Amino acid sequence: MWLLTLFWLAGQVQFTDVASQAGLDFQHVSGSRDKAALLDTMSGGVAWIDYDGDGNLDLYLVNGGTWQGQRSGNRDLSNALFRNQGDGTFKNVTAQAGVAGEHWGMGTAAADYDNDGDPDLYLCNYGPNQLFRNNGDGTFSDVAKAAGVDHAGWGSSASWADYDGDGNLDLYVANYVDYDLEEAHQRTCSYRALKVHCGPKGMKGAADILYRNNGDGTFSDVTASSGVGAVPPSFGLGAIWGDTDGDGDADLYVANDSMANFHFVNQGDGTFQDMALMKGTAFSEDGNPQAGMGIALGDYDRDSDVDLYVTHFSDDYNTLYRNQGKGLYRDQSYGSGLAFSSRQMLGWGTQFFDYDNDGWLDLFVANGHVYPQVDEFAIGTRYLQPKLLYRNTGDGFENVTGSAGADLLVPSASRGAAFADYDNDGDIDIAVNNLDGRPQLFQNQGGSQTGHWISLHLRGSGDSNRDAVGAQATVHTASYRQSQQVQAGVSFQSSSDLRLHFGLGPHETVDKLTVRWPDGRVQEFEDLSANRFYHLHQGGEIEVRKEAEGGSRLPGRNP
Amino acid sequence: MNQLRGVNLIAVPGGTSLVGGGPRRKAWAVAQHGHDGSTQRWIRPGSVAALGLLIAFLAPPPVLGSAGMKAPQPAGLFSAQQQRSVSQRGESYYKLALEQFRQNQFRQASRLAQMALSEDQENASYHHLYGLTLAALDQGQEAVGHLRSAIQLDEGNPGLYNDLGVVLLRSQRPQEALQAFTKAVELDPDYLTAHLYLGRLYHNASRSDLALEHFQAIANRDPRFPGVHYHLAKVYLNNGQPEQARQSLRSEVRLYPQNAQARMELGELLEQQGETDEALTHLLTAKQLQPEMPRLHLVLAKTYRDLGRMEEALEAGLEEARLHPKDAAAHYLLAQLYRDLGQVDKAAEELKKFQQLRN
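Protein chains in written order, with the working numbering: chain A, 5 to 563; chain B, 2 to 360.
Simulated from the structure, these hints should not be mistaken for laboratory data.
Do not take every clue at face value.
[Stated by the list, open to error] Pairs of lysine to aspartate or glutamate, EDC-like flavour, derived with a Cα cap of 16 Å:
id: 1; chain 1: A; residue 1: K516; chain 2: A; residue 2: E530
id: 2; chain 1: B; residue 1: K354; chain 2: A; residue 2: D290
id: 3; chain 1: A; residue 1: K208; chain 2: A; residue 2: D182
id: 4; chain 1: B; residue 1: K327; chain 2: A; residue 2: D290
id: 5; chain 1: A; residue 1: K330; chain 2: B; residue 2: D341
id: 6; chain 1: B; residue 1: K347; chain 2: B; residue 2: E316
id: 7; chain 1: B; residue 1: K184; chain 2: B; residue 2: D155
id: 8; chain 1: A; residue 1: K516; chain 2: A; residue 2: D531
id: 9; chain 1: A; residue 1: K205; chain 2: A; residue 2: D184
[Said to hold, decoys possible] A short, non-exhaustive set of chain A residues, derived as facing chain B with CB atoms under 7 Å:
id: 10; residue: R196
id: 11; residue: A197
id: 12; residue: L281
id: 13; residue: G284
id: 14; residue: D290
id: 15; residue: R347
id: 16; residue: A382
id: 17; residue: I383
Note that this is a predicted model, so its numbers are computed, not measured.
Virtual Cβ for every residue (Gly too), placed ideally from N, Cα, C.
Turn these sequences into a full structure, and let the hints steer you where they fit.
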């Protein structure tokens, strides 16, 4: 205990990039090196998915495309699925699994949409989107066309939730720009007197799509009838579901580039209303549209409602919208200490997560500019940028990037970021997909020693979807309580571990755990020991698994 | 044109000492318009650079507000006089033109300057003054032509480049203005007004690196140069360096306690950093100094909100909207304040105004 306290106080968590030794041999490619077109700059996502059900999270990395491939119709690149072998290494199983992808890839979201017990993958493309149905034998089949979700446009991000409470996961797809690659290549624009690619300003926004899951393997486009189509086509980049007003159903937040964001409130009757303006989540503090990219959703201040964080372009700040209660938000970016440090960064993937297990949700941002030309002059921002790691002090955020591992400072043109305890050692690790680069796998070293934790794997039944997406777990310890919701399709173009991970700080026991399942039923559990992985089956008992089952452990790192 | 009418002429440094005086290295202050205090300009005596006072009426630095719309000061024109015999008649016309110019009688000044020029086409000072009178009469294209002629005749004179830059800026030709100011500081690295212009141009073009270079050049040479710490702070803020910005703003406020704009910026920065009590002090002082300054009441409203003084926040927000009805941000903030106070109808009303303004 004293050792734990010592580590906890010292905050000695380090993130080390182990991608190379883990065997993540992947090269992302996206168009021209000088980023002559907007399309060249936006890919790609990353997803944690235990596709083979062995208890180890596997990694799916989305690749971009080339102009030649685009013109010829033969994509000369491949996405990659890496199987976690449980010993700290990964094996490329893309070909066997059949998830290479046929088009210029963007975002991905993993969830068990057909409730058959294994996770499936949705892939957003520039071109027809794909839905890889998990066959349960290590392979996938693209069923997008048959399912009716093969929209061809520029899909950016996707997110799953059961918005109508019928037990089937529905799908929202954020589309970016109504885009013609050939036309776009003919134009150049000016940014800080630099000649750069154009867009999205001056281009036509693309309408997003809401698909309702019919429960028979097909989906219906309910964009218009649900009300989410009542907004003008915009430059959608990020999308996330969550119960933002605490009424038990799934609301939807969409980050738009250079335009007002959408905050669709679920009316409980299968329809939505965009309330972003009144909620205070459409614009910055001064009412300015920002270049919304990635989104984090979580209760960072432990007041039992969910807050939002949105990443933006350089020369602007990333915005923290604090939920003041009743679903009304206020821009708290400056007051929380998050604004200034993000101004020179161009942010993408992000998530609230408790990296040091102290019971407060911290924050990570993957950064990278869209214009390589910014390196021509010392204008205060760079093309390749370091990450940002903020520690939640309970009274705001502290930028700890410089002290949490040199690898976080390695500059990259990062895009998607996904979060998971992939090595099952009791702390959250981060996978980052880098534009035109190799991925980074930031292994959390020390997080499980600086605080106690529990991990919850929720399995829905009855009227709840199998992945329990939308469920809310509230953990009560002697001194505080914290809540998290299961989310599928988060960050920017990415998908994280569906398990809920709670840092407990010095608490060795969870006094009470309350789970509100997607169908509204509530279960309570008491006296749970810390440092365990728990499987919770709706309506059933809680199954305890010791830590690090099947995971790769660094010797001596686990408490 | 009208904005040039009724403008006070300020101290003309040195009177006859200007005649024939070449550019000097030291900057000095010319008090304008009773600012304080307030507006001061650092110009160089005995130099065509004195015309840098054009700054005041062509593009007043925001830190100094818009109160100081001043006439161009031709005090240094004689400095461009070349070592050559001059026609008596030309000189007489020139002196008369100069006098008229100082009295804001630009048409007469222009006619007399033209007459001087007709006596001697090779006189840089005549071209210069004529160019400036044309600029004052909104004939920018012709003005630029004569300023360029003056430069051809006296190409080592940084003040001519500076004034050309000012006229080019006024003619919406920032790229050429940039070249002119650059040439001015090449010829005279101590030419602080030209540095100021360059810094502002680069800052507006988001070239914070170069903006910083020029503002620092001023601060290094003359740490009391009005506004320089304010401008440095703006660059630091843009660079995400709030601590440096705060330090610079504190310097500016210490040197020029009456600088309301700097007070407001400092107040806003402190509010953002959570130091609301001190923020409020600066904002209230700024309010006393310049109660109608844009954004001031908006920032005040935010500060009151931070302090939980919602009624005062609302009052300040309403004042911002009253003073600057086209300020969308004021209506956005008002909407949030009303919303938080539970006055949903009023919030919706303000959002409607906000959207109308945004569209």
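Outcome of the hint check:
no. : hint            : in the structure
1   : A:K516 x A:E530 : holds (4 Å)
2   : B:K354 x A:D290 : holds (14 Å)
3   : A:K208 x A:D182 : holds (5 Å)
4   : B:K327 x A:D290 : holds (13 Å)
5   : A:K330 x B:D341 : holds (11 Å)
6   : B:K347 x B:E316 : holds (14 Å)
7   : B:K184 x B:D155 : holds (13 Å)
8   : A:K516 x A:D531 : holds (6 Å)
9   : A:K205 x A:D184 : holds (14 Å)
10  : R196            : holds (4 Å)
11  : A197            : holds (6 Å)
12  : L281            : holds (5 Å)
13  : G284            : holds (6 Å)
14  : D290            : holds (4 Å)
15  : R347            : holds (4 Å)
16  : A382            : holds (4 Å)
17  : I383            : holds (6 Å)
Going down the numbered hints, you'll see the structure goes against none, and every one checks out.
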